[in-house]
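S.K.: The chain contents come next:
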Amino acid sequence: MPALEIITIILFAVFAVYDYGKSHRVTGHSHELFQDVHVMIFIGFGFLMTFLKRYGFSSVGINLLLAAFGLQWGLLTQGIWHLDDGKIKVSIFKIINADFSTATVLISFGAVLGKTSPVQLLIMTILEITIFSINEHLVATVLEANDVGASMIIHAYGAYFGLAVARVLYRPGLRNGHENDGSVYHSDLFAMIGTVFLWMFWPSFNSAIADPGFTQLTAVINTYLSLAACVLSAYAISSLVEHKGKLDMVHIQNATLAGGVAVGTCADMNIGPFGAMLIGLVAGIISTLGFKYLTPILASNLGIQDTCGVHNLHGMPGILGGLAGIVAVALGKKEGGNAAMQAAALASSLGFALVGGAITGLIMKLPFWGQPPDQNCFDDSIYWEVPEEEEENEESLAHGDHSKNKAEV
Amino acid sequence: MPALEIITIILFAVFAVYDYGKSHRVTGHSHELFQDVHVMIFIGFGFLMTFLKRYGFSSVGINLLLAAFGLQWGLLTQGIWHLDDGKIKVSIFKIINADFSTATVLISFGAVLGKTSPVQLLIMTILEITIFSINEHLVATVLEANDVGASMIIHAYGAYFGLAVARVLYRPGLRNGHENDGSVYHSDLFAMIGTVFLWMFWPSFNSAIADPGFTQLTAVINTYLSLAACVLSAYAISSLVEHKGKLDMVHIQNATLAGGVAVGTCADMNIGPFGAMLIGLVAGIISTLGFKYLTPILASNLGIQDTCGVHNLHGMPGILGGLAGIVAVALGKKEGGNAAMQAAALASSLGFALVGGAITGLIMKLPFWGQPPDQNCFDDSIYWEVPEEEEENEESLAHGDHSKNKAEV
Amino acid sequence: MPALEIITIILFAVFAVYDYGKSHRVTGHSHELFQDVHVMIFIGFGFLMTFLKRYGFSSVGINLLLAAFGLQWGLLTQGIWHLDDGKIKVSIFKIINADFSTATVLISFGAVLGKTSPVQLLIMTILEITIFSINEHLVATVLEANDVGASMIIHAYGAYFGLAVARVLYRPGLRNGHENDGSVYHSDLFAMIGTVFLWMFWPSFNSAIADPGFTQLTAVINTYLSLAACVLSAYAISSLVEHKGKLDMVHIQNATLAGGVAVGTCADMNIGPFGAMLIGLVAGIISTLGFKYLTPILASNLGIQDTCGVHNLHGMPGILGGLAGIVAVALGKKEGGNAAMQAAALASSLGFALVGGAITGLIMKLPFWGQPPDQNCFDDSIYWEVPEEEEENEESLAHGDHSKNKAEV
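As given, the protein sequences belong to chains A, B and C, one line each in that order.
Going by UniProt numbering, the first sequence opens with residue 1, and the numbers climb by one from there.
Going by UniProt numbering, the second sequence opens with residue 1, and the numbers climb by one from there.
Going by UniProt numbering, the third sequence opens with residue 1, and the numbers climb by one from there.
Please note: incorrect hints may appear among the correct ones.
Stated by the list, open to error - The calculated lysine-lysine pairs, modelled on DSS-like cross-linking and capped at a C-alpha distance of 30 Å, are:
1) Lys333/A to Lys89/B
2) Lys365/A to Lys246/C
3) Lys333/B to Lys365/C
4) Lys246/B to Lys333/A
5) Lys89/C to Lys333/B
6) Lys333/C to Lys246/B
7) Lys244/A to Lys365/B
8) Lys292/B to Lys246/B
9) Lys333/C to Lys89/A
If you are wondering where the hints come from, they were derived from the structure by calculation, not from laboratory data.
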């Protein structure tokens, strides 16, 4: 980790300068959109994964570690494609894109949550962001496809990359579940902090790199309405498929967000408010059904143990977003769009994800990265000093050796 | 719920288009104010109500459901008054107002929290927002009254609407309390997330639809100062009225916000920094005293069981705000203001609230909406799959059937 | 407390008016930066201190009280230096600075957390902000030193002020620790809410009063990169110094933020992206090592019991920031800068902190401010009505007298 950061700093010393040419973008809207996206990356993804009863430290803590490293790495790997006098010119636009690149890793993290070591995850971060930068360059610059909210290049890519890694790291020993692979009451509430912050700031995410003016307005409104419709369908389907019409927190924490994913590609297109709502409605349905019926099948039949169900939140809705983009462009909803290029962009994102994820998984599987044994999965105490459990429940008299006597010897 | 969303989408298909004429408002300040208000609606109200020990899923989850539906409904019912070529032109300004309309429902939700089913609450959402749109049109367009921060049309309206509903749904069986109608240590901390986000972003709420420039600056500063003064008086009174000078978390979670409510009508008026602080000071006092002395009387003598004490946070401070607005306008603090119209606006808001709430309550009382029996009040497990309780407290070995084995069969 | 607020309001009535001359600053970026800083003050500092197992109400609640009073007091004491026609003209810029002045108090609060009464802390607030205003005037106006992100005048000042107070209030009875001076699992997660919000919005903090344009862009990017690098070094050092390579939550909650502190003075200087990262890297290292090795020594040898380790998060990184500023100015990285004035500013900040803190500590030590006895330290129940503990763990049947039966007698 220290070596990694030192290499990164050296690369920054060689390549990175401030972008004085775009300074007008700092004041006002771009800075605000950056901060909103930042909240989604660090609070949104971080707390969304705290639903596990004994893995909250890792969820929010390793999320911070991966994102903090990933944004530096993303600045470099994305910048390399756009050198200007041999330099990467750092602007607000560039740091928004750096935050975006980390989102792919945090999505994949969800698929392998609880079953990988920090070192494995840092390796995944390096490889996934590097491959993302290649695919992103291909989609945006070569194919000139539209993906303003990144349904394809972030969500579908991140999900299938993570699922490919999960497949390679399949653990037969967890076939029958694990006692810590579940939530408690308060861990579900912590996760809702992540859910709601993701939900609220998604209009900023989908409009952050849109052209200012009409286009950006469209992206905000489409995302707002898609998410609102998605909440209704997620609640409806959850209560339809659950025992006695009850709601399942897993669905609410996740499927309510699928509308933001699925409307991403089309967000800045002239699909009309009701078009956005239809996309959100469908996304909420397939996401909830995926959690209920597909995730168990993936685990038992295909050996894909998807801890957070990223296939349902990012994978299928991401593909839905890509398909909606193809249709919308074919219907002329985006000036200058080309449906074949949209389809190529989707295929490229999925291809890079599956191949890249499989290769990355094989590298992560090498036996010297400290992968936890089955019985220590989903448990913070393998990587963290965790406070004594009983102190929560009784007026403890003795001081456990893990408690923090910071001010005293 | 699915039918409701499908009808809503059809209405959007017929009526809603993007507002290309106001696109300049998307970049910059309006979008930011929208996001701040969004945080208040979804995190603020959602977490504020998680103080109940076993009702956190419903608080934050049903809050999300009602707000997500309510903003769609609010866009329609408010838009109907301002059709342009037969269309509702969706802009940032319109979605801020849609968020506002949901706030009325979330306030009323606080009065009946724990005692109503999601279906009852969706019915309340439809009716309350519809009636809100009528009153809002009357106050803003017909009476041309000032209510920039909506002390009258949101806070007083939402509170008395909810109290009228609560009166109609009076439960004699809860006269002596309910074991789950209380907090635990961590649920009070979750609630503070809601409190503090509401407190922080209130300057954005009260200035979101103010005229840009001087007026908006005034609204920000008045709200900032009123809230700051209110915190001091809420703490002072709480410690004066409680046993041994201790503070009561209920007062801190709620009464500290009364200054934001009460300064709403006057927020953009030239009342001076100290005028704003006086309003905040008084609001903190009456709100805290209301929690301590009035709420028990309302419950025992008038049959109004106000779970969150919305009468103290939104009701009385809302009326105070309306009265302060009458005085301020009479004193010439707002160019073009008319004190009689301000008084009419307050009366109209209270009238629509009480009559609308009573009728809505009667409809909600019909026996086929799944209202929970007394013993299941304040308990998530009637509507949610809730994780096994003992898993929180011991190293449980067995997997309860509610735990989330998402990746395994 | 009531008297204090009434005096404050009278002072506002005499001195404060709206600043109509700067109203153009309200729309757009300044208002956004204000709200981001606001979140750091109220959520960031408030929740960061909730790590203690039984002191969460006080952490977030007293933080709100001190900040709400402090910003009023800061507006007055800072405004007194810039009277215009005998008036303090309140603008967005002024309320950002008022929020800043409270940060010093909240930092010092961390040093004495759990060991002081609210009245003692209000006295500290009055004195610390008054002295801060003098030092800030000296540094900014007389010395004309650069400190855009306030490494010296907020972080170093706040930390050493608090440590001086802590030294004066030394409690030999806590030499061997206290059973409540530690965390539990969920309290550490609440604290991470504070950490992550502080981490995310630090670019806004360090750029909030920078000159718009290039300078502000530089401040955002330097802070973003310094924080990212700091996370990596904090994690690396934490795992190097802890037993079996585990991570310590205390380090992650705090040392990951040291990069924001340390880059403060240089934030708007032309130090280059890699310069910012180097500062962050070093800050993460010294902060983590401080928590591990220095804090116990301060407590046992110097009688400084620093509950939150503010010396490691704000003290040493603040000095590092001041030194980096001297070097950067000496190297010509800031037009018109003067290294000697930078050094004088650092010395002034430390001098005012230590002398001011010692005097304040002596006043706080007077025996009539309700300082808690040793055995009641770190315990909310001395100042708050706290819900019955057992209600969290069992289906309690009886209603404790602390539970909130708000709607019933």
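S.K.: Evaluate each hint against the coordinates.
M.R.: Status of each hint after checking the structure:
At most 30 Å may separate the alpha-carbon atoms for a hinted pair to count; Lys333/A and Lys89/B meet this at roughly 18 Å. A C-alpha spacing of about 21 Å is found between Lys365/A and Lys246/C, which places the hinted pair at or below 30 Å, so the restraint holds. Proximity of Lys333/B to Lys365/C is assessed by CA-CA distance (about 47 Å); at most 30 Å being required, the pair is judged violated. Distance check on the hinted pair: Lys246/B and Lys333/A sit about 62 Å apart at the alpha-carbon level, beyond 30 Å; violated.
Taken as a hint, the Lys89/C and Lys333/B pair is honoured in the structure, with Cα atoms around 18 Å apart against an allowance of 30 Å. Between Lys333/C and Lys246/B, the direct Cα distance comes to roughly 53 Å. Violation of the 30 Å bound is thereby established for this hinted pair. The hinted pair formed by Lys244/A and Lys365/B meets the criterion: a straight-line CA distance of about 22 Å does not exceed 30 Å. Simply put, Lys292/B and Lys246/B have alpha-carbon atoms about 13 Å apart, close enough for the 30 Å limit, and the pair holds.
Using a Cα cut-off of 30 Å, the hinted pair Lys333/C and Lys89/A holds, with the two alpha carbons roughly 18 Å apart.
Of the numbered hints given earlier, the model fails hints 3, 4, 6; all others are met.
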